[in-house]
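Turn these sequences into a full structure, and let the hints guide you.
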Amino acid sequence: MMPKVMIVDDSMFMRNRLIKLLSENGYETVTACDGVDAVRIYGEARPDVVLMDITMPRKDGLEALAEIRQLDPTAKAIMLTALDQPLLAGRAVLIGAKDFLTKPVRSGRLLMALRKVLS
Amino acid sequence: MNEQEIWDSVTGGSHARLWLDMAMKRVTQALSDTVGEPFHHGALRAEAVPVAGIAERIGDPKAKTVGVQLQIKGDARGQALLLFPWESALRLVELLMEVPPRTTSDVGFAERTALAEVGNLSVAHFLNALVAYLAQPRRLQPSPSSVLVDTLEAILRLALMPVAIRGDDPLVIETILANAGGTIQIHFLLLPEQTGRQGPDMAATRGPGARAFRRA
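Just so you know, the sequences run in chain order A and B. Taking our numbering, the leading residue of the first sequence gets 1, the next gets one more, and so forth. Taking our numbering, the leading residue of the second sequence gets 1, the next gets one more, and so forth.
Worth flagging that the hints you see were computed from the coordinates, not collected in a lab. Just so it is clear, the structure is predicted and the values come from calculations on it, not from any experiment. Some hints here could point you the wrong way.
[Unchecked claim] With a straight-line cut-off of 27 Å between C-alpha atoms, the simulated BS3-like cross-links for lysine-lysine are:
#: 1; chain 1: A; residue 1: K59; chain 2: B; residue 2: K73
#: 2; chain 1: A; residue 1: K76; chain 2: A; residue 2: K116
#: 3; chain 1: A; residue 1: K116; chain 2: A; residue 2: K4
#: 4; chain 1: A; residue 1: K98; chain 2: B; residue 2: K73
Written out as structure tokens, the structure reads:
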């Protein structure tokens, strides 16, 4: 069975890029366009891993991840954001993120991080 | 270090030129990696500019333009504005969306989200460089991007309205990002929120003798 990845990003452009990359590499994808949708869709889709942006309308990625981890303490998430700042990375790790990748990320680096989290 | 001191340290400190150059290198690298072809940045300026004069510095005020606007929040506030001349916006969209050159003639929803992401990446990498430069635990984040399509003067009028109402000459950090062939040009403007009096170095940048940082 293909691992299911939830892509959470407010940019349709980024979501489409990631859907293409992941579907070409054997992953099933579901998407959410902000933190509010992410929490709702996580409960419905129960993905194996979440790729979470930080800057989003309505609810940012850090808040959304905290809520998802309350719903499911075993939830696995990789932050995928252009914000490469120690305070944000530290907070993400405290909330339970398994990795913190900076956009634009190389395809190989992202796929390696997914394999590691899913292994 | 308060909000005003954060902005002063990067625009008026002794290492300001070096820092701004380094920050813009990070921006151009992120842009190059996203678009898939090399970008560079032009002359860097950090100076106080009358609001009324900004449009004419950039280009034809009546020219059709795409603007991507982001608020800066966290430990220091301000706003960033990326301005794409119409033809540059179309060429950039074609590269981002991997469609043949000269086949895009309008900017719809999909194209706007691609340009918004360019704004998000560019400003985020600039703020990352600022946080690294401060060498103190700080958090600086852009808001989600707003994309505007209008004449240059209309976009600037909207974006600069809060500054114009206050009657300040805003501090503007400005450069041009361009690809190798020069077919894509992006004006990058950053306007720190001025919460206190201007620092001495910044005041010295006002007027015709204003400091202009030129790329080596």
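Checked hints:
1. Among the hinted pairs, K59(A) with K73(B) is consistent with the structure: their alpha-carbon atoms are about 15 Å apart, no more than 27 Å.
2. For the given pair, K76(A) sits about 11 Å from K116(A) by alpha-carbon distance, which is consistent with the 27 Å threshold.
3. Our distance criterion of 27 Å between C-alpha atoms is met by K116(A) and K4(A), whose separation comes to about 14 Å.
4. Pair hint K98(A) plus K73(B) holds up; C-alpha atoms about 26 Å apart against a cutoff of 27 Å.
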